[in-house]
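Peer 1: Assemble the complex: chain A is given as a structure, and chain B must be docked to it using the hints.
Residues per chain, in single letters:
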Amino acid sequence: MTKILIIAEHDGQTLNPATAKTIKGAQPMNGDSIDLIVFAASAASVAEQAATIEGVDRVLTIEGEDFAHPTAARLAPEIVSLASDYSHVLAPSTTFGKDLLPRAAALLGVNQVSDIMEVIDARTFKRPIYAGNAIVTVKVPEGAKVVATIRTASFAAAKDGGSASVESLGAQSEDPGHTRFVKVEGSEGEGPDLASAPRVVSGGRALGSSESFEIIYSLAKSMGAAVGASRAAVDAGYVPNELQVGQTGKIIAPDLYFAIGISGAIQHLTGIKDAGTIVAINKDAEAPIFEIADIGLVGDLFTIVPELEQAIG
Amino acid sequence: MKILVAIKRVVDYNVRVRVKSDGSGVETDGVKMSINPFDEIALEEALRIREAGKAEEVIAVSIGGDEVQQQLRTALAMGADRAIQVASESAVQPLTAARVFRALVDKEEPGIVFLGKQAIDDDCNQTGQMLAALWDRPQATFASKVEIDGSQATVAREVDAGLETLEIDLPAVMTSDLRLNEPRFVKLPDIMKAKRKPLETIPIGELGLEDAVDLETVAWEPPPKRGGGIKVESVSELVSELKDRGLL
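If you read the sequences in order, they're chains A and B.
Quick note on the working numbering: the first sequence kicks off at 1 and runs consecutively.
Quick note on the working numbering: the second sequence kicks off at 314 and runs consecutively.
Chain A with its partners taken away, still in its complex shape (with noise of 0.2 Å):
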């Protein structure tokens, strides 16, 4: 029997897209069940939301102040208890499911297969190394459990229409008390989240300043996009850490994508390969951007990009 545990990852009220991605990601496995687990502090309001998501059998609940803001040396012993009915134990590839999953695959002592982006079969999967250079086939041993991390940027996010049971557990572990949540701090969320956007706006090291970058966001305004930048940019400190788009950063997948004064190092595009349309706008001709561009322009971005805004809106 192949049954599928999936790690649904949210903020508390509402369920993080790259579960839903992760459902889809499970759905070629050919599981005879896919059920889901919510860790929360209070899971009604999440447990609502991934009970609709198709292909789900059960939504399972385990509640508790100590899962307000979970560490993963708090969650490992929990999925490990749940692990023992099931096949395979999924988590998406975000920092939340890199930081949780290897310490339960450690506990069930499998290695874990990191970063699925496509299923061959429930056992056999292929997977980026070398930042996307090249690709490998991986197959879990005959008898050993399947768990692995799902590259949210390979698969779409599971359509709703389902309606799955929802039933809560009781946890089976104490916190170990070693380790305490002390805040999370982002950048104020202005406009929509750069990791599930359908529209992204990025700009790199050629905006020479945080001041010129403000075009960047008017654009991105402008077309309801969301703001990445490259690791150039961000390592210049034109703009915060978590707009890093990129191998290092966020690995995304818009429909659409500009990238504006990038010149395309190739940890850059390890994070755009799976976009829709990537357009670039540089100078340089002969940047690498344009080898992987579906529409380039070549030209100065501080013509361009007002008078694109300006065409747009």
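Check the hints yourself; a few may be wrong.
Said to hold, decoys possible - Calculated cross-link-like contacts (lysine to any residue; reagent style SDA-like; alpha-carbon spacing at most 20 Å):
(1) B:K420 with B:K458
(2) B:K538 with A:K24
(3) B:K544 with A:P288
(4) A:K159 with A:S33
(5) A:K145 with B:K333
(6) B:K538 with A:I135
(7) A:K126 with B:W533
(8) A:K24 with A:E118
(9) B:K315 with B:G424
(10) B:K333 with A:K24
(11) B:K458 with A:V184
(12) B:K345 with B:I504
(13) B:K315 with B:A507
Said to hold, decoys possible - Beta-carbon label-pair distances, calculated as ranges:
(14) B:P537 with A:V184: 30 to 38 Å
(15) B:K333 with A:A171: 48 to 56 Å
(16) B:S337 with A:G208: 41 to 49 Å
(17) A:D300 with B:E421: 51 to 59 Å
(18) B:K345 with A:D284: 22 to 30 Å
(19) A:P240 with B:K506: 36 to 44 Å
(20) A:S163 with B:G518: 38 to 46 Å
(21) A:A285 with B:R329: 17 to 25 Å
(22) B:K500 with A:D121: 48 to 56 Å
(23) A:N30 with B:P537: 21 to 29 Å
(24) A:S163 with B:E380: 51 to 59 Å
Keep in mind that the hints were calculated from the coordinates and are not lab data.
Computed from a predicted model, the values in this text were never measured in an experiment.
Positions of the beta carbon are idealized from the N, C-alpha and C atoms, including for glycine.
Peer 2: Just chain B now, kept in the frame of chain A:
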């Protein structure tokens, strides 16, 4: 306090890695090898903690054949006090690597084990978390700021939502993210000095590890290429192209 630092030998990050034409692996012949950049950042942080007087000894650890001694010597030149090569002829997967470190933790009793958040060859991002699980100790992964205060540490972590801060009890496992620090350059006299620092070799068989259930890699292939694009000459041409494709 001792700090153990993981040092993995990987293809240098500036090398454009290619899959062999027969699909049997990636081209590594004659390719420049270096310390995994995230491990280098982990080592730099360990050295800074020692230099701040909060640790006494930094021990660099690598797993592999004798070729990893090259990276361990670089680690010693950067400032590690001594090095351990866990000798293994075959490459190890993350769970085995974590078990190696777990065995060394018993031997060395460090206050911190510092690893890179991932190795840039297999991109697994597992070993630190696995070690923390096997050791039953805190993990602070993707660290971008570390402050040590007696038997505790406060760590800022790079997460999708921004920066998360955790307070953890030591001993603990930490893994470094890119912006934690900028590793120092090695100076020539340090390279000479590093030759005289102790480098111990322990055969992996002597650590009494469990047999690993390894993943089997059955195929290698180059990534799918994106189709060739077009160039437009003006903003108006760009806008009409996007409209034609139903994107605006």
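Peer 1: Could you work out which of the previously given hints the structure breaks and list their numbers from low to high?
Peer 2: 1, 2, 5, 10, 20
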